[in-house]
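With the hints as your guide, set chain B onto chain Y.
Chain residues, written in single-letter form:
Number of protein chains: 2
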Amino acid sequence: MSIKTELTTIAKKAQEAYRDATAISSDTKNKVLEEMAEAIVVKKDSILKANRKDIAHARARGLSRAFIDRLTLSDKRIKEMSGSLLEIAALVDPVGEVIKAWRRPNGLWIHKVRQPIGVIAIIYESRPNVTSDCVGLCFKSGNSVILRGGSESLQSNLSIFAILRDVLKKHSIPQGLVNMVATADRRAVNTLLKLEDYIDLVMPRGGESLIDYVVKNSRIPVIKHYKGICHVYVDEWADLNMADKVCFNAKVQRPGVCNAMESMLVHKDVAARFLPGMIKKFKEAKVEIRGCKMTQRIAKGIKLATEKDYHSEYLDLILSVKVVDDLHEAIRHINFYGSHHSDSIITENYAHALEFLRRIDSGCVYVNASTRFTDGNQFGMGAEIGISTDKLHARGPMALEELTTYKYMVFGDGQIRT
Amino acid sequence: MSIKTELTTIAKKAQEAYRDATAISSDTKNKVLEEMAEAIVVKKDSILKANRKDIAHARARGLSRAFIDRLTLSDKRIKEMSGSLLEIAALVDPVGEVIKAWRRPNGLWIHKVRQPIGVIAIIYESRPNVTSDCVGLCFKSGNSVILRGGSESLQSNLSIFAILRDVLKKHSIPQGLVNMVATADRRAVNTLLKLEDYIDLVMPRGGESLIDYVVKNSRIPVIKHYKGICHVYVDEWADLNMADKVCFNAKVQRPGVCNAMESMLVHKDVAARFLPGMIKKFKEAKVEIRGCKMTQRIAKGIKLATEKDYHSEYLDLILSVKVVDDLHEAIRHINFYGSHHSDSIITENYAHALEFLRRIDSGCVYVNASTRFTDGNQFGMGAEIGISTDKLHARGPMALEELTTYKYMVFGDGQIRT
Chain Y
24 MSIKTELTTI AKKAQEAYRD ATAISSDTKN KVLEEMAEAI VVKKDSILKA
74 NRKDIAHARA RGLSRAFIDR LTLSDKRIKE MSGSLLEIAA LVDPVGEVIK
124 AWRRPNGLWI HKVRQPIGVI AIIYESRPNV TSDCVGLCFK SGNSVILRGG
174 SESLQSNLSI FAILRDVLKK HSIPQGLVNM VATADRRAVN TLLKLEDYID
224 LVMPRGGESL IDYVVKNSRI PVIKHYKGIC HVYVDEWADL NMADKVCFNA
274 KVQRPGVCNA MESMLVHKDV AARFLPGMIK KFKEAKVEIR GCKMTQRIAK
324 GIKLATEKDY HSEYLDLILS VKVVDDLHEA IRHINFYGSH HSDSIITENY
374 AHALEFLRRI DSGCVYVNAS TRFTDGNQFG MGAEIGISTD KLHARGPMAL
424 EELTTYKYMV FGDGQIRT
Chain B
24 MSIKTELTTI AKKAQEAYRD ATAISSDTKN KVLEEMAEAI VVKKDSILKA
74 NRKDIAHARA RGLSRAFIDR LTLSDKRIKE MSGSLLEIAA LVDPVGEVIK
124 AWRRPNGLWI HKVRQPIGVI AIIYESRPNV TSDCVGLCFK SGNSVILRGG
174 SESLQSNLSI FAILRDVLKK HSIPQGLVNM VATADRRAVN TLLKLEDYID
224 LVMPRGGESL IDYVVKNSRI PVIKHYKGIC HVYVDEWADL NMADKVCFNA
274 KVQRPGVCNA MESMLVHKDV AARFLPGMIK KFKEAKVEIR GCKMTQRIAK
324 GIKLATEKDY HSEYLDLILS VKVVDDLHEA IRHINFYGSH HSDSIITENY
374 AHALEFLRRI DSGCVYVNAS TRFTDGNQFG MGAEIGISTD KLHARGPMAL
424 EELTTYKYMV FGDGQIRT
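Line by line, the protein sequences are chains Y and B.
Mapped onto this note's numbering, the consecutive letters of the first sequence carry residue numbers 24 to 441.
Mapped onto this note's numbering, the consecutive letters of the second sequence carry residue numbers 24 to 441.
One chain only, chain Y, in its complex shape (with noise of 0.2 Å):
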């Protein structure tokens, strides 16, 4: 069987299986997650083995050490991994929530009613976690997935996802729910981004060059999960005090994801003042500092700051600082090289504040508060499946909501348009 008549197969009765599921209770699906949340850590001894197997085949292939980490899974990963799918279980089910309703002067009574979206083809880096996250979540908005895991991780995610099948096996829930890509072929991610027809919705969740890739190549949409370049600006009006604990914060307390502060701007009024003890403390906390002219004059030995570096996401102890003019510039600079995910400003300025959120043209705007809070849970949400950067259905972090559509009832008694 050719790679495309196989997907076409699979992506088929994964779209038959999403519209079969309507019939599933949340109740039943809620019971579905619990035994999975088990049957993960009853089931390690076969995961681990699984996973010895990438380990070692990655190891072999002299793959870097982050790159192993991120493969390697433990006894307290798959715990954490069956306490995300108890997790999801808990939270309510969107599916088939009325997200408005209205009678119309002829006496249509219209609903707008909330829906699984469909098929939802995942495309991920070498992180078998992933498997299990993106399985519960998918199915507890009554949507189908494909996933397609990283190569690298092929054993591990074949061993977690045959274990997750079982279960939905074991209640005579259609398996078309749940689908894995099980080739290594490279090609499998080209073809199927072609299945317009039954896929529905391409995330892809890793590195710049994937995410580009599938954008060039897909025909479904696509929501990108993309980088982070977060932006702290100090305004002349902050309370320098805040201003040095919430810097810090966004850019220390976990500096490898995208939510974590990558530029720090500070008012000219306020740099010399700031910027001396700020820079100290984080020289502190080994993070190194590359500045723009004006910082270079404030604290000593700084490394002069590029434009690349102003576009650029480390995820590393680096940060770029540059001192500004004032707010307008620092909103400019931040629509302009930021990534359009998280950016904070610090002022006790009234007008100030409500110039930043509403010019910055970004998912998540703060004010007096560490970009860090942008995450399905600290939003109270519950556990996400990513933090969108696009602006076209969702942005800013996707929960279960953000996996359903909606469609329009309309409860009628035979009227016709004159």
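Incorrect hints may have been included.
For chains that are exact copies, the list does not tell them apart, and a pair is met inside one copy or across any two.
In silico lysine-lysine, DSSO-like type, Cα no more than 30 Å apart, as pairs [said to hold, decoys possible]: (1) K36 <-> K291; (2) K35 <-> K247; (3) K35 <-> K239; (4) K36 <-> K247; (5) K268 <-> K135; (6) K306 <-> K323; (7) K331 <-> K217; (8) K247 <-> K27; (9) K306 <-> K326; (10) K304 <-> K99; (11) K247 <-> K217.
Hints were generated in silico from the structure; no laboratory data involved.
Coordinates of chain B only, in the frame set by chain Y:
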């Protein structure tokens, strides 16, 4: 200047313009729209003059009568264009609406606030009235628009565009909010579709080949306004008198539009009672019937429907008819052959009504009403920019609200993540 340079310049300015436009009040927007409505009527002679050039050119090229009809403007059509702008002025401005707001345990106050999408490119065929409708809807919802109309209507479009843009100028509103690609060069579309750094959304409005081209070549998210293969299913529990009226309305009232019925399904137990009278009525209204074998047995002199018929959007006085065994066959048929636009069941059976509403995977699903109601105005949303057959972002009629996205505005007082 190359086309690419020219279009990039337009798109960059459009991006700056919508960001600057956050400061324009709803009052100002409405005033501008009212003046646009007036200007179009006052300057109608120049529009009609430009339109005559387009028509002469189209005639010389031997284009079809229907094509020339869509291209032709008249006093009446210009009045309608003007009326649409006034209607849009009267609608509520969606920008800034707080969709939800909540407080987190740490005191963060999160607002989900409606925002313009940004830069919207609209690629449409030679219908000059679309020009002013799109300008009005995009301007009111705070978006910048880049219009690329059919080359055969270029003179008419340029004339309308110049009048509308003059109104912006008079009010010192950024000109970049409203843009037109003024070249007949067909490569312009392909170039536009690659400007994903500046354009947020593309909406193709036109036939299948235009939409296919855009989907295949765009790196920018696309919302499709695709075909409507709409069904009415006459259940065995239908009030046949109601079924007769609704089916006739859905097919005949305006056959050339996307929400007209293209296929009628009838339960086998009522077919012999329902079809003869219904088909007679259709024939009197000059509707050509193409039926399944059972239909042919019940009513004489009917052409056999092919697979292709069930996949067809006729947009004409033609109807495919199929007798089905039960509700489940009807649902399977509609989900398989339909275009997920609008489908209706006629029934007095409660369980069948709910089953149909739940399982039909279409943007608008009706019980006991004509599919012809799928329309922004009929739904009470005001003027529409189209009817989305996609599931992402917007489904069904798209009006002002559907031309927006949201961002999270988060109010803190020094919160950091621990």
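Evaluated hints:
1. K36 <-> K291: Close across copies (29 Å), not inside one copy (61 Å); limit 30 Å.
2. K35 <-> K247: Classified as both: same-chain Cα gap 24 Å, cross-chain 22 Å, threshold 30 Å.
3. K35 <-> K239: Classified as both; 24 Å inside a copy, 21 Å across copies.
4. K36 <-> K247: Both. Shortest intra-copy (25 Å) and inter-copy (24 Å) distances satisfy the 30 Å Cα cut-off.
5. K268 <-> K135: between (44 Å within a copy, 26 Å between copies)
6. K306 <-> K323: Answer is within: at 12 Å inside a copy they meet the 30 Å cutoff, but 89 Å across does not.
7. K331 <-> K217: Answer is between; shortest inter-copy Cα gap is 23 Å, intra-copy 35 Å.
8. K247 <-> K27: Close inside one copy (25 Å) and across copies (25 Å); limit 30 Å.
9. K306 <-> K326: within (13 Å within a copy, 83 Å between copies)
10. K304 <-> K99: Classified as neither: same-chain Cα gap 33 Å, cross-chain 71 Å, threshold 30 Å.
11. K247 <-> K217: both (17 Å within a copy, 16 Å between copies)
Going down the numbered hints, you'll see the structure goes against just number 10.
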